[in-house]
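> Spelled out, the chains give:
Protein chains: 2
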Amino acid sequence: MGEIVVMAPDAPRSGNACAITVTEPIHYRLIRQEVGLTVYKCSGKPTDCVKLAFHTVLDRTPDLVVGGINHGDNSGINVHYSGTLGVVIEGCLKGVPSIGFSLCSHEPNANFEPAGELIREIVRQVLEHGLPPLTCLNVNFPVVDEIKGIRICEQSKGAWVNEWEDLAVHRDLHYYWLSGEFVDSNLDDERTDHWALANGYAAITPVTVDVTARDLIDNLKTWF
Amino acid sequence: MGEIVVMAPDAPRSGNACAITVTEPIHYRLIRQEVGLTVYKCSGKPTDCVKLAFHTVLDRTPDLVVGGINHGDNSGINVHYSGTLGVVIEGCLKGVPSIGFSLCSHEPNANFEPAGELIREIVRQVLEHGLPPLTCLNVNFPVVDEIKGIRICEQSKGAWVNEWEDLAVHRDLHYYWLSGEFVDSNLDDERTDHWALANGYAAITPVTVDVTARDLIDNLKTWF
Numbered sequence: 111m112g113e114i115v116v117m118a119p120d121a122p123r124s125g126n127a128c129a130i131t132v133t134e135p136i137h138y139r140l141i142r143q144e145v146g147l148t149v150y151k152c153s154g155k156p157t158d159c160v161k162l163a164f165h166t167v168l169d170r171t172p173d174l175v176v177g178g179i180n181h182g183d184n185s186g187i188n189v190h191y192s193g194t195l196g197v198v199i200e201g202c203l204k205g206v207p208s209i210g211f212s213l214c215s216h217e218p219n220a221n222f223e224p225a226g227e228l229i230r231e232i233v234r235q236v237l238e239h240g241l242p243p244l245t246c247l248n249v250n251f252p253v254v255d256e257i258k259g260i261r262i263c264e265q266s267k268g269a270w271v272n273e274w275e276d277l278a279v280h281r282d283l284h285y286y287w288l289s290g291e292f293v294d295s296n297l298d299d300e301r302t303d304h305w306a307l308a309n310g311y312a313a314i315t316p317v318t319v320d321v322t323a324r325d326l327i328d329n330l331k332t333w334f
Numbered sequence: 111m112g113e114i115v116v117m118a119p120d121a122p123r124s125g126n127a128c129a130i131t132v133t134e135p136i137h138y139r140l141i142r143q144e145v146g147l148t149v150y151k152c153s154g155k156p157t158d159c160v161k162l163a164f165h166t167v168l169d170r171t172p173d174l175v176v177g178g179i180n181h182g183d184n185s186g187i188n189v190h191y192s193g194t195l196g197v198v199i200e201g202c203l204k205g206v207p208s209i210g211f212s213l214c215s216h217e218p219n220a221n222f223e224p225a226g227e228l229i230r231e232i233v234r235q236v237l238e239h240g241l242p243p244l245t246c247l248n249v250n251f252p253v254v255d256e257i258k259g260i261r262i263c264e265q266s267k268g269a270w271v272n273e274w275e276d277l278a279v280h281r282d283l284h285y286y287w288l289s290g291e292f293v294d295s296n297l298d299d300e301r302t303d304h305w306a307l308a309n310g311y312a313a314i315t316p317v318t319v320d321v322t323a324r325d326l327i328d329n330l331k332t333w334f
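Quick mapping for you: the protein sequence lines, in order, are chains A and B. The first sequence finishes on residue 334 if you use this note's numbering, and the numbering steps up by one all the way, no holes. The second sequence finishes on residue 334 if you use this note's numbering, and the numbering steps up by one all the way, no holes.
It is possible that part of the hints are untrue.
A pair counts as met if it fits within one copy or between any two copies, since identical chains are not told apart.
Straight line, CA to CA, 16 Å or less: simulated EDC-like cross-link-like pairs of lysine to aspartate or glutamate [what the hints assert, rightly or not]: (1) K204 x D294; (2) K258 x E231; (3) K331 x E238; (4) K151 x D282; (5) K151 x D120; (6) K204 x E273.
Simulated from the structure, these hints should not be mistaken for lab results.
Just need the whole structure built from these sequences, with the hints factored in.
Now the structure itself:
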């Protein structure tokens, strides 16, 4: 579908959100080059990778920035913690149509194949239509042999609970390991990405990077 | 104004956004306790600190989650990279009114005093009125001897440019250090946080954690 340039972190960067590396240098190097595909690996975080690719290896502004496909669910409020979405938000802030793809499975042998055809279809549509400024797409795929179709969704609400495993106390240090379960507050709501995924659909959630809560502005003005 | 519990990272965590620690345990320990003030330090990232405090040391849901005051600007699109806002977004996702405070200066001797009285006023108003669900506040203070007042703002638009310092090439590795300047695309717009800060006002920008771009949903539905 086009020429692909990959600038990928050199190891998993789960939970890196939009984090950037400000206290040390990062580096990249070429690891593969063939017709239509150039691959670099980078010591930085996902957002660093986008910033560095734009500054160094790309010879023009790309038509599309893609994060993923991620090995794990980035739906609902996970949008805030996701390094995949870090890539997408950075691409979007740079004015390029940007899409994150994630498969809702952490299984080592997870089957990414059913997502393939839909990914090509979504990319075709985005290349044809473009995306409005400050808006990107978060796409999640369910773990099913046959995906029922695509649903356009809202970000599901809910909360992580039982978030920590109590490991040990060593001297005065209390050790914990992040864990937890997600509890939906609106799983019955057919508008949400979690409903779509639970019912076998791919979920496309449009995401804004202008996070101003405009509804509250007039009210806040009366406080001061 | 109330009982304060601090769970602070044990070193600076600039640019940590909403990142979480998923690949290793983290730890905390008590470092100070007096009437109305308990202070812990934590090896995690800002968002870890909030999650861990809620799970471990707090004996009830707090009335308020505060990030900062940060030593550096978190206005405009920096909301996406900011660890201070990571704290605030996490508090908000947990259903507690949450505010981030930042001073727009990296000077070692920056004067945080002028912000103090306004911080107390903003906290008083938030404790009295509450904040709507999924909404938090990003407050930035200008570097002036006398702050002119408070303005309720929108997130300024713009982009970081010249983002990397080219350090060296060592063997096949290309080393870069993150740097850059921010270029406003709407500094003349009196509604923005950058206009407020450039003109001597404290900027309160209400921020939503429901990042669904609802405007695009109907349009997207026609694509598939």
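> Of all the hints given earlier, name the ones this structure violates by number, lowest first.
none
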